[in-house]
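So the sequences go chain by chain: A and B.
The numbering used here puts the first residue of the first sequence at 5, with every later residue one more than the last.
The numbering used here puts the first residue of the second sequence at 193, with every later residue one more than the last.
Treat the hints as calculated values from the structure; they're not laboratory data.
Any given hint might turn out to be false.
[Said to hold, decoys possible] Straight-line C-alpha distance at most 35 angstroms; calculated DSBU-like pairs for lysine-lysine:
| no. | chain 1 | residue 1 | chain 2 | residue 2 |
| --- | --- | --- | --- | --- |
| 1 | B | K212 | A | K275 |
| 2 | B | K316 | B | K212 |
| 3 | A | K106 | B | K236 |
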Amino acid sequence: MDQTVREPAVDIWPAGLTRVPYRVYQDATVAREEQTRVFEGPGWHYLCLEIDVPETGSYRTTMIGAMPFVVARAEDGTVVAFENRCAHRGSLICLDDGGRVKDFQCVYHAWRYDLRGNLASVAFRRGVNGMGGMPDDFDMAAHGPRKLRVTVVAGLVFGTLSNDTPDIEAYIGSEVMARLKRVLHKKVEVIGRFTQALPCNWKLYMENVRDTYHASLLHTFFTTFRITRLSQGGGVMVSENGVAHASTTLASAATPDDSYAGMRADNQDLKLQDPSFMKAVAEFNDNINLQILSVFPGFILQQIHNALAVRQIVPRGVDSMDLHWTYLGFADDTPELRAMRLKQANLAGPAGFVSMEDGAVGGFVQRGIGAAADQAAVVQMGGASAESAETRATEASVRGFWKAWRTQMRI
Amino acid sequence: MLTEIATLNAACARALDSGKLEDWPGFFLDRCLYKVTTADNHEKGYQAGLIYADSRAMLVDRIMALREANIYERQRYRHILGMPLVGAETDGSVAVETSFLVVRTMRDGQMMVFAAGIYLDRVKRDASGAWRYAERIVVCDSQRIDTLLAIPL
Numbered sequence: 005m006d007q008t009v010r011e012p013a014v015d016i017w018p019a020g021l022t023r024v025p026y027r028v029y030q031d032a033t034v035a036r037e038e039q040t041r042v043f044e045g046p047g048w049h050y051l052c053l054e055i056d057v058p059e060t061g062s063y064r065t066t067m068i069g070a071m072p073f074v075v076a077r078a079e080d081g082t083v084v085a086f087e088n089r090c091a092h093r094g095s096l097i098c099l100d101d102g103g104r105v106k107d108f109q110c111v112y113h114a115w116r117y118d119l120r121g122n123l124a125s126v127a128f129r130r131g132v133n134g135m136g137g138m139p140d141d142f143d144m145a146a147h148g149p150r151k152l153r154v155t156v157v158a159g160l161v162f163g164t165l166s167n168d169t170p171d172i173e174a175y176i177g178s179e180v181m182a183r184l185k186r187v188l189h190k191k192v193e194v195i196g197r198f199t200q201a202l203p204c205n206w207k208l209y210m211e212n213v214r215d216t217y218h219a220s221l222l223h224t225f226f227t228t229f230r231i232t233r234l235s236q237g238g239g240v241m242v243s244e245n246g247v248a249h250a251s252t253t254l255a256s257a258a259t260p261d262d263s264y265a266g267m268r269a270d271n272q273d274l275k276l277q278d279p280s281f282m283k284a285v286a287e288f289n290d291n292i293n294l295q296i297l298s299v300f301p302g303f304i305l306q307q308i309h310n311a312l313a314v315r316q317i318v319p320r321g322v323d324s325m326d327l328h329w330t331y332l333g334f335a336d337d338t339p340e341l342r343a344m345r346l347k348q349a350n351l352a353g354p355a356g357f358v359s360m361e362d363g364a365v366g367g368f369v370q371r372g373i374g375a376a377a378d379q380a381a382v383v384q385m386g387g388a389s390a391e392s393a394e395t396r397a398t399e400a401s402v403r404g405f406w407k408a409w410r411t412q413m414r415i
Numbered sequence: 193m194l195t196e197i198a199t200l201n202a203a204c205a206r207a208l209d210s211g212k213l214e215d216w217p218g219f220f221l222d223r224c225l226y227k228v229t230t231a232d233n234h235e236k237g238y239q240a241g242l243i244y245a246d247s248r249a250m251l252v253d254r255i256m257a258l259r260e261a262n263i264y265e266r267q268r269y270r271h272i273l274g275m276p277l278v279g280a281e282t283d284g285s286v287a288v289e290t291s292f293l294v295v296r297t298m299r300d301g302q303m304m305v306f307a308a309g310i311y312l313d314r315v316k317r318d319a320s321g322a323w324r325y326a327e328r329i330v331v332c333d334s335q336r337i338d339t340l341l342a343i344p345l
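Required output: the full structure, derived from the provided sequences and hints.
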């Protein structure tokens, strides 16, 4: 991990959180700094679901930024994680998304690792026929992939390379943590996994997730069918450190509402031929019908009625990223509730009625700012602070994102 | 029967590729299942789809949403279909497997292989005797979707 203090990559940042220089979405230097300061930095990073590694020897692979890693269930039942990089020549150790093994063996030269990522054996270490082999003083314990600190909360596995990071409760904050546990309150089951390749810098997608202002304006499906309108009750909470956010929309009272009159998003004529999939089941014993929650830098938990999903951001370059969707149900779903989830899955994901546009809008920005590196975005709705608000007509949570980003980037 | 089913496939693809999206639900029975998934999800038995409709009315709604509500850049598909592999007819229902390749062309001319995979279909005759899809599971080879999936596959 980078311990030296270098010149910040972005040397001119306007005062406060209400302007974002477009350079931060374009600059390869910024992206390199993000890898060391954010992805290998002091935050907790979502790794996988706990049920992805159900028993000893189960493993799953994904990425934190550019760093590939392995999550595994060790012999003593704990969940561990280590970099997916052989200590010998740097090859990937695991080549699949997941599975179950006794131990790990690099295919290149057959170096073996135990389930915790400790180097267990080196092929031909003593040579062959008395010749070759590694020097006698080669220290196996000193060679191995980097290991992550791992924590499991509400069935989610998070990891960090930092020993100084406070525990996950402190990182996320108790308010947002309560929202997370509200949804993930019992054993989940994976019902689908999809990857969406987005033509934009990863930050543009995370800002979109935290942008409570855009939802009912860009996504007209929402507005017209009154799944969410800013005039419905709800609000946004942002953790003190800016790291976590949760926005909520309350069930609507179907009263006439003209606050969108004349806007593109207002189309009162649109009627569903088969409205059965909008008959959501209130399964969380409250009147919150929509909750979007995020943890900096790349974790999102979605509850859109009964459509539940975890989304994970993996940057793939300055102007591209992958979004990994894991659609969830609960293990004890009734057949009726499961059927409703399958229908409501139409709302989210790459083909989602209300999230399709989110896949494209980051690219619209990325292209729009092509010649505007020295200009800045305006993030001023709701004022200048990054504090929780009783309204969603605010960009407080986006400012919270930048608060967390600038803290970790030391800008 | 092979010719009739191949013609059904071709007509359905033509509706999507020529922008006559409103014609597309008509190739399905009133009660039907249309699901877009991936090989990985299909093999693991995961139930959810990128698109999931259990009635023709839901297909009509999807087209209406694409026309009236959703925002996406102008684009068109070109479906290239393989020869249908037609199974035995049981109780008036026939299982059909057809490979597909979809090239997507964006408004700026950018072209890409957007999807390749197989249609796992179950076709039946409707009241007029025409073959219609009772079930179409679109199994994409890749789990990675570029930007968004607007027009159905």
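With the threshold set at 35 angstroms, check whether the alpha-carbon distance from B:K316 to B:K212 stays at or below it. Given that 35 angstroms is the threshold and the Cα spacing comes to 23 angstroms, the pair holds.
Does B:K236 sit within 35 angstroms of A:K106, going by the straight-line distance between their CA atoms? 22 angstroms, holds
If you draw a straight line from the CA of B:K212 to the CA of A:K275, is it 35 angstroms or shorter? Measuring from Cα to Cα gives roughly 20 angstroms; hence the hint holds.
Violated hints: none; the structure is consistent with every hint.
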